[in-house]
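Keeping the supplied structure of chain A fixed, place chain B upon it in accordance with the hints.
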Amino acid sequence: MRKLPVIVILFLICACGSQQIPEWKDTSSRQLESYKYYFLTDKEGTSEPHFVKAKKAIARSNDLNLLGTAYLTKYALYVSIIEDFDDTDFLRINKLQPNAKNFSYYNFIKGNFHAADYYLLPAHYGKLLKPAQDKDLATAVKEISSIDDPLSRLVACGVWVKYLPYDDNILQIAINTSADNGWGKPLFAYLIRLQQYYLDHHETVKAESIKERLELLKK
Amino acid sequence: MSLSREFKVGLFIVLTAIVILLSLLYLAYEKGFFEKVFTFTLSSKSGDGFTEGMPVVFSGFNIGKVHALELNDKGIVLIRIKIPERHVKWVKKDSTFILYRPLIGASRIIVITNNLYSPQLPEDKIPEVEIVNDINDVITKVPPLIEKITLIADNLETLSKNLANPKGDFNRILNSVTKVTDNLDNILKKVDKIADKTDAQLFSKDGTLPQINNILKDIIGKLEKLNTTVDNINKISQDASEGMKDFRTLRSDIDDTVNAIDDVVNKLDDLISSKKDPEFKAP
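Residue numbers (my numbering), protein chains in the order written: chain A, 4 to 222; chain B, 212 to 494.
Just chain A, same shape as in the assembly (with noise of 0.2 Å):
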């Protein structure tokens, strides 16, 4: 009786025991999930030696649509920061092997609308190329409003924000969903970008409001 649990545990264990995953996807995989982290929590020091094992890994296995993935991956955090990209390595990469899946997110994070596909975008964005080709703010933001994945919000917001006219409301949805995940780098783009819409506005109240906060938050 005694040796019963014990037989059933292993075979639970068993039963369990998934299939062997690559050892390259695994690490890739962590990697890039390390990067991202450490990136959005404004560590960069620390978060790009995970992007150059993760595209290291990934190059063991010899595939370069993964690869542009992963550089897409890269250049959507910086846009989810409104900042720029060197996109260089990615259009290498897309001349010696095309990809219409890739090349239809790069476009829509080089702010390039037309050239998007709605079909090939993840669902969540495809639904914003609309908004975005007829400018329409108020679509634009119950529609970021409603992405599940709060990585995926914040591109939205840095996409519509770094290309297209916006409001306060866009701007708050990114700083909420900053503050909610802990993520310090968006969160400070955001709420300096809100002091410059305020000011630009004519709101100095609200601007002189903002500039303080973000000066205890620095400190």
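Please keep in mind that the hints were generated in silico from the structure rather than gathered at the bench.
Some but not every residue of chain A turned toward chain B, in silico, with C-beta under 7 Å:
#1 Ile-24
#2 Ser-32
#3 Thr-72
#4 Leu-75
#5 Thr-76
#6 Tyr-108
#7 Val-158
Chain B residues, not near chain A, derived (Cβ > 12 Å throughout):
#8 Ala-279
#9 Val-402
#10 Leu-461
Computed from a predicted model, the values in this text were never measured in an experiment. Ideal Cβ positions, reconstructed from N, Cα and C, are used throughout, including at glycine.
Using the frame of chain A, we list chain B on its own:
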């Protein structure tokens, strides 16, 4: 047959006359008396300097002469020159005629022909004579020269007066130079005294140089002590370098251990969790 004395004398006179005539004819021929002579007409606004018989010269050789001078209805002087046939080849259509009046020597008309292959000057064409007048040139240059000489003479006179005057500038400068020399003498004496003092300050027993010597000796002593410190630092750095080698070994050991733990964790993860195949997609 005997000839009479009268016949012989007559024959001698006739033969002599023939010889003389032939000699004269030969001389005349040689001198170009029978030669064809070409007459050309030149023009000039002034007849000043032209004379009949004046030579016409080409490259320093006489090739003809002025035959006549005339004044036409417009008041232009026409100079007719005669050139013998053997020299006419030097006078061409584009030849230049210059009246040259040297300071010393006779005036002459100079022919300058640059192109000897150009056609001959027609006798009816009247080229104008250019005038080169050395005398006039000299005369125009002399008055300014005389003015300058007069000015120099005036200046010399002023200078000599100034030199002779005891209250003049020159004598005053001389006096000033004497004073300056006296002052320089005084200054040199002072410099001499200062040099003596400096010498004493620098080289005396308590002077600056002995003090510097003492300071240098002190510094050398301290540097010798520092040598020991530097040696110690070298030893420390060597030890640190060797320590770094140990660190590298330690680092590789840690790496091995971490990798081993990573492997174990991954294997445990595979065993325990229902790990899914990771999906790569951009955020």
